[in-house]
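> The chain contents come next:
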Amino acid sequence: MNQISKAQFISLLLMEDLFILFCLKEEISIITAIGFSAGIILQFLFSVPLIKIYSRGKSLKDCGKAAEAVILIYIIVWGGMLFSMLWNAGDVIYIPYGNSGFWGKFMVAAIIAVVCVYISSSGIKALGRSALIAAAMGVVCLLIVIISALIQSDMSNLKEIGNKSFLSELIRGFALSGGLGSFIMLLGFTKGKPMRNAAGYFIGKVILTLAVIITGVLVSGGIMEITDFPIATAAQLSQPFDVQRIDSLFLIVFSVYAVYSIAVQASAADYLLGEVIPAIKKYRSTLMLAAMASVGFIFSGNTHYGMGYSIAVAVILLFAPVSYFVKRRLRGA
Amino acid sequence: MQQNNRNLRIISGLKQNIEMIKKISGDSSDVLVNEFTTGGIKCALLCCEGMISSQMVTEMVLSPVTNIPQQDNAAKLFSYIQINKLFSLDRSEAQDYDTLFRMLSSGFAVLIAEGMNKALAFGIQGYASRSIQEPSGEGNILGSHEGFVETIRTNMSMLRRRLKSPELVMNLMVKGSKSRTDICICYMKDRVPQGLLNRIQKSLDEIELESILSTGYVRPFLEKKSFELFSSTGLTERPDVLCSKLIEGRVAVLVDGVPYGIIIPRLFCESFHTLDDYAYKPYYAVFIRWLKYGAFILAVLLPAVYAAIVMYHPELLNSTLLLLLVKEEKNAPLSIITESFLVLLMYEVIREAGVRLPKPVGGAVSIISGLIIGDAAVKSGLVSTPLLTMTALAVLSGLVVPDLNPQITVLRFAFLISGGLLGLFGISILACAVLTNICSTEDYGFPFTAPISPFSAKGMGDTLIRQGFRKMQSRGFTVEEYHESNK
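Same order as they appear, the protein sequences are chains G and V. The first sequence maps to residues 804 to 1136 in our numbering. The second sequence maps to residues 2 to 488 in our numbering.
Chain G on its own, in the form it takes in the complex (with noise of 0.2 Å):
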């Protein structure tokens, strides 16, 4: 595989992030703010040992195959969960014919996940370098919708907290590992130090994220118990003039989001199956695509992120370390 830089790396992830900040359900305050920015610290603080490893010089592959194997099957539910999330997004944003039902979300993922198949394809540079473009566009687009967001915003809602506690907003933040196990993955295949790579990469999510939700509870935070996506509502409430609505363009933003955050799954997925499995040298892409559909399938009802998925994130991002430790020691031994 060949390498991306540090603001290819940057931008693949954090457009993942945004878009799992975009389908988020379930109501938000600024202490989701405060909850969700102490779980970022907190997965950047669990990835230290891994982000020590690649600093040594070394890589997945010397955390064995068990290492690769969990992260693979770990980016395949994720991926499942993305496929989930824009399926569940479906029903607030207005995608022609995607809103018809069934089958109209159904061509909607579809397509998706056809994009997906040819981007994954191109490779991991390809996707970098197309990545990096794409998020700058976006975030032009998104601060566009900010702005005229925050035009709707009403300062008073800052001191809505809710019902949702610190903790169960930090466990639920740490849960929301965005690109975690592509995370994993790609830091080896990033040009510069691991540990700048990755700093960059948490400091960058914390600052979104704080963003997103902020402008999400300003704008959102008075109709909170009626909407069923904060943010996604938010951007549809932006308004720059009187006479017109601009949410269009976050339906611009979400889509090449969406696009993005499951290429980045299967791409990485695709390298991953290569290394466990490497019998398997063709249309390894669409076959990862065709398991997270499938995952995405199953989990389409799940929309509550609690302790469960911290375990999970917290194994996936030790596991690799542990695994390369007890290799070594046995190899010592």
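Among the clues, some could well be false.
The calculated lysine to any residue pairs, modelled on SDA-like cross-linking and capped at a C-alpha distance of 25 Å, are [to be verified]:
| hint | chain 1 | residue 1 | chain 2 | residue 2 |
| --- | --- | --- | --- | --- |
| 1 | V | K226 | G | S924 |
| 2 | G | K809 | V | G462 |
| 3 | G | K994 | V | S486 |
| 4 | V | K459 | G | G995 |
| 5 | V | K459 | G | V942 |
| 6 | G | K861 | V | E485 |
| 7 | V | K225 | V | F269 |
| 8 | G | K1085 | V | A434 |
| 9 | V | K459 | G | G1003 |
| 10 | V | K226 | G | G1077 |
| 11 | G | K994 | V | E485 |
| 12 | V | K165 | V | Q134 |
| 13 | V | K225 | G | G926 |
| 14 | V | K293 | G | A939 |
| 15 | G | K1084 | V | K226 |
Partner residues are not named here, just some residues of chain G that face chain V (Cβ under 8 Å, in silico) [unchecked claim]:
| hint | residue |
| --- | --- |
| 16 | A810 |
| 17 | P899 |
| 18 | I914 |
| 19 | I915 |
| 20 | V918 |
| 21 | I922 |
| 22 | S925 |
| 23 | A929 |
| 24 | R932 |
| 25 | I936 |
| 26 | I1049 |
| 27 | D1050 |
| 28 | S1051 |
| 29 | L1054 |
If you're looking for bench data, these hints aren't it; they were derived computationally from the structure. Every value quoted in this text rests on a predicted model; they were computed, and no experiment measured them. Even glycine gets a Cβ: it sits at the ideal position worked out from N, Cα and C.
Position chain V relative to chain G; hints supplied.
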């Protein structure tokens, strides 16, 4: 059989030699054989009719060759000619018939003699060729008005005139088993990355075509095999543009018979650059450059976005505009996507007719179709005025970036279909696929999308903006900076 004969060494007997030449050429009428005796040795001067200058052959070859004193044998005659007679500056020898025929076909006069198993060739080319004219497709206001012509030697001289440095290297080679086309690789030896040069040479070695009649025959060998929407090699018909690329460490390939030079590698952002950018003040050059970026996006997306907004996302429009569009589209008998598709298709038909027809008729076709058909279509209510305006604007914008016209044309249709069927969602999804395809374009390790992605802050000085020459001269840019290994 004839192919085998061509590889034979030249026979020493003059009569048999001439017979063999006639046999290989199929006694072709344009191969002229003039037998004569000079220095006491029987000789023949061969040439191809129309390929040589009759004045030069008389003054430089026939007149001096008849004034040679008595020689003992043919070897001494050839030696005398080579030492004492300067028939032409471009002199060569042929040991076999293959080389002999290549010389003849390139405008050389070939001398053979009794008892000599080689031939002497003198370059006295004088074939009719187009004179240097202004390039037709790369307009320029403040720069040179010279464009490449079909003769490779003239094109090489145009480069040499502009780059007088001994570092400019031009290597000629012959490709095409039947056409025997001259191909010239040009580069600055102190600037070009050696790896790039070697790989281009290797790519050219893969050419086993029978004929090379345009740059289109060569370019696929210089590009990646996988499907790429955009070409990673560029074309120019301007020697000054080619020289500027050579100085940046790129390689150029000239093909005889084609008034274009191939530039390797080419970057996406270069499609928006013209030589005039460097003649104007930077602020105006930046304005023009951004105008072109905008025009490219309009050319590709405008019809699609119009269809998508009117059909699926009217909330993006303000109420006045929305009411205006609704009123116009309500009267149109066809759906917006069908209407747009047909108008665009009609434009492409008219354009193709204008290009292929003789120039005077082509102009008339454009006027008739543009004014009469367009006006009639709107007046009869077949096409709505806003849609026609959008389409015309998109088409006009496409002409701002002529380099990318084929891609713009196809992408415009593709985006129109996706936007018409799935609105902005469809456009976004297709944009992701197209963007990935553009970003996957990479030949010889040079990403097509550099310096945007992979990002190079230094490269932005001549991409997003156009820095002044004082800053640019201190930068000393070569294309090697964008190589993947340096990122």
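> For a C-alpha distance cap of 25 Å, please report whether G/K994 and V/E485 respect it.
holds (12 Å)
> Is the hint on G/S925 kept, meaning its closest Cβ partner in chain V is under 8 Å away?
holds (4 Å)
> Would the hint on G/D1050 be counted as holding, given a Cβ-Cβ threshold of 8 Å to chain V?
For G/D1050, the interface hint holds, since the closest Cβ of chain V sits about 7 Å away, which is under 8 Å.
> Are V/K225 and V/F269 close enough, with their CA atoms no more than 25 Å apart?
holds (16 Å)
> Should the hint that G/I922 touches chain V count as held when the rule is a Cβ pair under 8 Å?
At 5 Å from the nearest chain V Cβ, G/I922 passes the 8 Å test, so the hint holds.
> Can the hint on G/V918 be confirmed by a CB-to-CB distance to chain V that is less than 8 Å?
holds (5 Å)
> Holds or violated: is there a CB of chain V closer than 8 Å to the CB of G/I1049?
holds (6 Å)
> Does the structure keep V/K165 and V/Q134 at a Cα separation of 25 Å or less?
At roughly 22 Å apart (the allowed maximum being 25 Å), V/Q134 and V/K165 satisfy the hint.
> Are G/K861 and V/E485 close enough, with their CA atoms no more than 25 Å apart?
holds (23 Å)
> Given the hint that G/K1084 pairs with V/K226, test it: the Cα-Cα distance must not exceed 25 Å.
holds (20 Å)
> For the pair supplied as a hint, G/K1085 and V/A434, confirm whether the alpha-carbon distance does not exceed 25 Å.
holds (21 Å)
> Between the alpha carbons of V/K459 and G/V942, is the straight-line distance 25 Å or under?
holds (22 Å)
Checked against the numbered hints given earlier, this structure breaks none of them.
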